[in-house]
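Visitor: As you go down the protein sequences, you meet chains A and B in turn.
Numbered per our numbering, the first sequence spans residues 1 to 377.
Numbered per our numbering, the second sequence spans residues 378 to 754.
For the record, the hints were derived by calculation from the structure and aren't laboratory data.
Check each hint, because a few of them may be wrong.
For lysine to aspartate or glutamate, the following EDC-like pairs were computed, each having C-alpha atoms within a straight-line distance of at most 20 Å [to be verified]:
hint, chain 1, residue 1, chain 2, residue 2
1, B, Lys532, B, Glu556
2, B, Lys664, A, Glu8
3, A, Lys21, B, Glu422
4, A, Lys115, A, Glu149
5, A, Lys286, B, Glu385
6, B, Lys532, A, Asp108
7, B, Lys664, B, Glu737
8, B, Lys383, A, Glu74
9, A, Lys21, B, Glu440
10, A, Lys259, B, Asp503
11, A, Lys115, A, Asp80
12, A, Lys21, B, Glu444
13, A, Lys6, B, Glu444
14, A, Lys115, A, Asp139
15, A, Lys259, A, Glu241
16, A, Lys287, B, Glu385
17, A, Lys6, B, Glu440
18, A, Lys286, B, Asp380
19, B, Lys751, B, Glu690
20, A, Lys155, B, Asp485
21, B, Lys383, A, Glu283
22, B, Lys398, A, Glu63
23, B, Lys664, A, Asp3
24, B, Lys383, A, Glu63
25, A, Lys259, A, Asp80
26, A, Lys347, A, Asp294
27, B, Lys636, A, Asp122
28, B, Lys663, A, Glu8
29, A, Lys155, B, Glu422
30, B, Lys532, A, Asp126
31, B, Lys383, A, Glu67
Since the model is a prediction, treat every value here as computed from it, not as a measurement.
There are 2 protein chains.
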Amino acid sequence: MRDQGKSEEEVMEGLQRMREKDLSYHRIFSSMCTPPHPIALLAHERFQETNLGDPGLFPGSAELEAEAVRMMAELLGYPDACGYLSTGGTESNIQAIRAARNAHSFRDGNIVVPKSAHFSFDKIGDLLSIEIRKADLDDDLKADLASVESLIDDKTVSLVGIAGTTEFGQVDPIGEMGEIALDSGIHLHVDAAFGGFVLPFLEGEWRWDFTVEAVTSITIDPHKMGMATIPGGGLLFRRPEDLERLAAYAPYLTVARPKALTGTRSGAAAAAIWAVMNHLGREGFKKVIDRCMDLSRRMVAGAREIGVEPAIEPVMNVVTLRMDDPEGVRADLLERRWRVSTTRCPKALRLILMPHSTAESVDLFLEDLRDVLKRRG
Amino acid sequence: MRDQGKSEEEVMEGLQRMREKDLSYHRIFSSMCTPPHPIALLAHERFQETNLGDPGLFPGSAELEAEAVRMMAELLGYPDACGYLSTGGTESNIQAIRAARNAHSFRDGNIVVPKSAHFSFDKIGDLLSIEIRKADLDDDLKADLASVESLIDDKTVSLVGIAGTTEFGQVDPIGEMGEIALDSGIHLHVDAAFGGFVLPFLEGEWRWDFTVEAVTSITIDPHKMGMATIPGGGLLFRRPEDLERLAAYAPYLTVARPKALTGTRSGAAAAAIWAVMNHLGREGFKKVIDRCMDLSRRMVAGAREIGVEPAIEPVMNVVTLRMDDPEGVRADLLERRWRVSTTRCPKALRLILMPHSTAESVDLFLEDLRDVLKRRG
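Using the sequences provided together with the hints, build the complete structure.
Guide: And the structure:
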């Protein structure tokens, strides 16, 4: 740090230069985040200085958090669910697994996750010193139930099902996994970081949320498809006693038993979540999701026109396209300033159609994809 | 969530009603947070949509993070230190202890912290399944070196020293703890969540940062005395290999080996930290700290005038006042809309003089304190 400060103008110019190096979301198909909804920005700004870690000082912010949790509980099929707003999917998954682990007297347990689970589960294994057992996937890239069952033993503390896998946007057979979890007397955590704000608005008979009796906790990420601001995560538990397993004793604060992993917490992010959910309502969210699904179908149809097939028919707004050498195609597209990502197994090009995506960007992208594939022969 | 959304006006009115329930910082002496510096608010707003978890999409934001880390490394006495911006002190402490634990082949280790350590170390013990051994304090409320030494055994992976204890603002004898750590061949982590932006600007011969050779990592919290926005934390390591012990493999993102505990991370908070440090410089920070220390001395002098003595002479901008029944006094002050907290051992009233504090608020508070004490007899 320099001795002398710079003027406000100089600092803001410096920030602007850096900001111009960042990409705009316009040509990004690789991110599960999206620019916050305008009302999220307004709400965030108004609550910028508030701290959910000290609710006695900020009872209004704390009420927004409680209401946001209640709205998410309703959305997830169990209005009595309890929980809190986390920093995002990783914290929510850490805490859900920690609660499951703490429900047992031993500490050298394991959890069974599908191979499609987010990479942060490996981090969770290291952090909590818990073994992460990975179940095979079936042909539809859902958790294979026989494989899940074969990995459970006396030290298994939780199953994990994914509602909207990071790579393919697939939904695990949570209903059937619930039967296995009930039989084994263990937790079933659902990672719906991406799908939590998508699946409730899709047609179709999904069984993935608290309406599945065995589901003990759900991760949902407002800062992904919830169009809220970062850090905007959510963690919900069916039973208060599981939330209570995370409680710490906090002598100097105005909260007796905080449950979050972090101490000081953004009231601004809570306000943003509350604002988006209240402003859009279910109807507003459905419009956003319908539009993302229309764009996903447009992407698949356009890809088929140039001879490219999806790895699976899109379940939600994640499109994966089978092709030779998707990494090479990704690099060629990067030269044309498109940001896409790839999947590992099966190998495919991966595109997420987010609220910031447009029919125009899909069509422009498809033109470039056609050209790239033609040049590669 | 309702089916129909509410208008922007309705939502903003709802937010405003909640915001009015929150306290303004004006009469708060109980918080280690403070309203962000105006330039932090401007910076935060401009980077609201950026995600440090995906630095290939946001290289400008990533550069701000790298520069903020470098500035903090300089501030902490070792410009080559490496690290990242965390969500705050708890995450930084978790990760520092995780790195220390992961440096060993066993997992059932322990760490030795002073009894004055922040309550979140108990949470860390639970999370990492590591034993937290608590050393006694000496008469100055610093870690007692003999007690620290007596708690170390073959399974001790780290000592922890506090530079600015939460309750008393005291600084542990980090230099001497460093000798013990070197002798034992273990890590020495310094929790300077509060003191990191205070101690560098005080007169006096503190030895607490990376200039103490044995110090392996430091927690510093820009969203406390750094006047940045939430979530603004920092974690610095002396050795890259310790940071590397936190690395995860991230297949779908534009970062190969992310080190943070969380995935999606606020670029806005990074921009705010960068902006405050650049705008104030060391001279600007020194002015802020000088003012907080002046207010602390004013508080102590005023307390003495009404017959109340501090528990310790304030080392930094934390004032603790000895009295009978501080909890009762706290409750009486609450009726007069003052927010203060208390300490446990020794029992005292605890006041933090933050950048939002003023001479006027100190004087008004002292009048009320005098009156409260008189009425209680």
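Visitor: Of all the hints numbered above, which does this structure not satisfy? Sort the numbers upward.
Guide: 11, 19, 26 and 29
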